[in-house]
Amino acid sequence: MSNHLIEFKNVYKQFDTTEALQDINLYIDSNEFLTLLGPSGCGKSTLLRLIAGFEDPTEGSILFEGKDLISIPPYKRPINTVFQKYALFPHMDVYENIAFGLKIKKMDKKEIDKKVMRVLELVNLKSFHDRSVDSLSGGQQQRIAIARAIVNEPSVLLLDEPLAALDLKLRQGMQIELKNMQKELGITFVYVTHDQEEALTMSDTIVVMKEGKIQQIGTPVDIYNEPKNAYVANFIGESNIIDGIMNEDFSVTFLGRNFECVDKGFELNEPVDVVIRPEDIIISDENPDILNGIIESVTFKGVHYEMIVNTGEYKWTIHNTIMRPEGSRVGISVKPFDIHIMKK
1 MSNHLIEFKN VYKQFDTTEA LQDINLYIDS NEFLTLLGPS GCGKSTLLRL
51 IAGFEDPTEG SILFEGKDLI SIPPYKRPIN TVFQKYALFP HMDVYENIAF
101 GLKIKKMDKK EIDKKVMRVL ELVNLKSFHD RSVDSLSGGQ QQRIAIARAI
151 VNEPSVLLLD EPLAALDLKL RQGMQIELKN MQKELGITFV YVTHDQEEAL
201 TMSDTIVVMK EGKIQQIGTP VDIYNEPKNA YVANFIGESN IIDGIMNEDF
251 SVTFLGRNFE CVDKGFELNE PVDVVIRPED IIISDENPDI LNGIIESVTF
301 KGVHYEMIVN TGEYKWTIHN TIMRPEGSRV GISVKPFDIH IMKK
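Residues in the sequence shown are numbered consecutively from 1, following our numbering.
No lab work stands behind these hints: they were computed from the structure.
Any given hint might turn out to be false.
Straight line, CA to CA, 25 Å or less: simulated SDA-like cross-link-like pairs of lysine to any residue [unchecked claim]:
1. Lys109 / Lys85
2. Lys213 / Thr17
3. Lys210 / Ile28
4. Lys85 / Leu166
5. Lys210 / Lys110
6. Lys103 / Leu136
7. Lys114 / Pro73
8. Lys67 / Gln84
9. Lys179 / Gly139
10. Lys115 / Gly101
11. Lys344 / Gln84
12. Lys210 / Leu63
13. Lys114 / Leu168
14. Lys110 / Phe89
15. Lys85 / Arg171
16. Lys301 / Pro220
17. Lys67 / Lys85
Since the structure is predicted, the reported quantities are computational estimates derived from the model, not experimental observations.
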């Protein structure tokens with residue numbers, strides 16, 4: 001039996017004349033941390049709403065453990081959602097907020113108590129059980145919202161930008177906690193964010209989206225090191241993207257020079273996008289055999305310096321731990337392995 005928990009087959013979603021999702025084919029495995037990544041309006045939250053049952057697809061099918069999911073009403077799906085706005089009940093304390101869903105199921109009081117205290121321990125808030133939710137910080141409220149969602153032991157937890165309201169330090173701490181929680185619970189997490197760093201930190205699989213279409217599916221390492229197109233390369237981290245011409249296999253021309261690369265399978269003289277990461281560029285002294293330019297600006301970024309080097313035809317963004325001062329004349333080169341060729 002396939003261990004695909006959820007499968008989207010040729011799914012389209014239209015709102016009036018707007019196509020929110022186009023030809024979505026995607027599977028999500030059991031115990032996977034899958035992140036839907038893209039800018040606002042790319043369709044990632046719509047995809048989440050289809051899983052939850054808040055929307056139905058215009059076309060296509062969604063399967064859960066091989067069975068049609070669309071025919072199951074939202075409240076009967078083994079799926080819970082954590083939203084950006086936590087929607088906690090202000091008139092109930094922490095314990096009551098978490099126990100609410102279990103009480104509706106008419107569960108035994110002892111069993112409820114055991115489950116609530118277990119999830120409070122999981123989110124590191126065991127001593128907060130009798131606190132008013134209004135007395136909690138944003139990060140604590142976020143954890144209570146997660147505890148309330150996971151206490152029902154869903155097969156799938158949907159998280160729609162749940163950390164967006166938190167400050168940077170807290171958000172980074174919560175990213176690690178969420179990943180650990182997901183491993184410990186063995187629940188499938190489907191996470192929506194527009195934050196690339198968040199996606200790279202937490203995910204087993206990243207689905208990059210643009211204008212209702214999937215651009216690439218892969219592990220964080222694949223998506224970063226082997227982007228499928230210039231859009232993905234630019235969206236995940238920074239990139240220098242230059243117009244080039246593929247001369248033949250393993251040879252590309254850009255900025256008036258021939259470069260050796262490791263890509264093949266393009267047409268002869270096919271126009272391509274050449275993608276080079278800022279951290280992959282080597283800075284050296286001027287040399288007639290390589291590209292030369294002037295450093296126009298230097299910005300300290302903490303771990304590295306960001307330098308803009310103008311070679312005349314192009315302004316390069318370069319990241320390096322060694323700073324060369326503004327106005328310096330430098331040579332720049334790149335290894336064949338670090339030149340990524342994309343179809344236009």
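### 25 Å limit on alpha-carbon distance, applied to hinted pair Lys67 and Gln84
This hinted pair is violated, its Cα atoms lying about 30 Å apart.
### Given hint Leu166 paired with Lys85 - CA-CA distance at most 25 Å
11 Å, holds
### Query
Are the Cα atoms of Lys210 and Lys110 separated by 25 Å or less?
Cα-Cα ~48 Å, so violated.
#### Entry: Restraint status (C-alpha distance of Lys179 to Gly139 at most 25 Å)
Status holds; Cα separation ~16 Å.
### Query
CA of Lys114 to CA of Pro73, is that 25 Å or under?
29 Å, violated
### Query
Does the alpha-carbon distance linking Lys344 and Gln84 stay inside the 25 Å limit?
Answer violated: Lys344 to Gln84 is near 36 Å, above 25 Å.
### Query
Keeping to a limit of 25 Å between CA atoms, is the pair of Lys210 and Leu63 held or broken?
23 Å, holds
### Message
What's the verdict on Lys210 and Ile28, does the C-alpha distance respect the 25 Å limit or exceed it?
### Response
19 Å, holds
### Query
Lys85 and Arg171: Cα distance at most 25 Å?
15 Å, holds
### Task
Could you grab the alpha-carbon distance between Lys110 and Phe89 and see if it respects the 25 Å cut-off?
Distance of about 22 Å is within 25 Å: holds.
### Message
Hint check: Lys301 vs Pro220, CA-CA at most 25 Å. Holds or violated?
### Response
23 Å, holds
### Task
For the pair we were handed, Lys67 and Lys85, check the Cα-Cα distance against 25 Å.
Violated: Lys67 and Lys85 sit about 31 Å apart, past 25 Å.
Checked against the numbered hints listed earlier, the structure breaks hints 1, 5, 7, 8, 11, 13 and 17; every other hint is satisfied.
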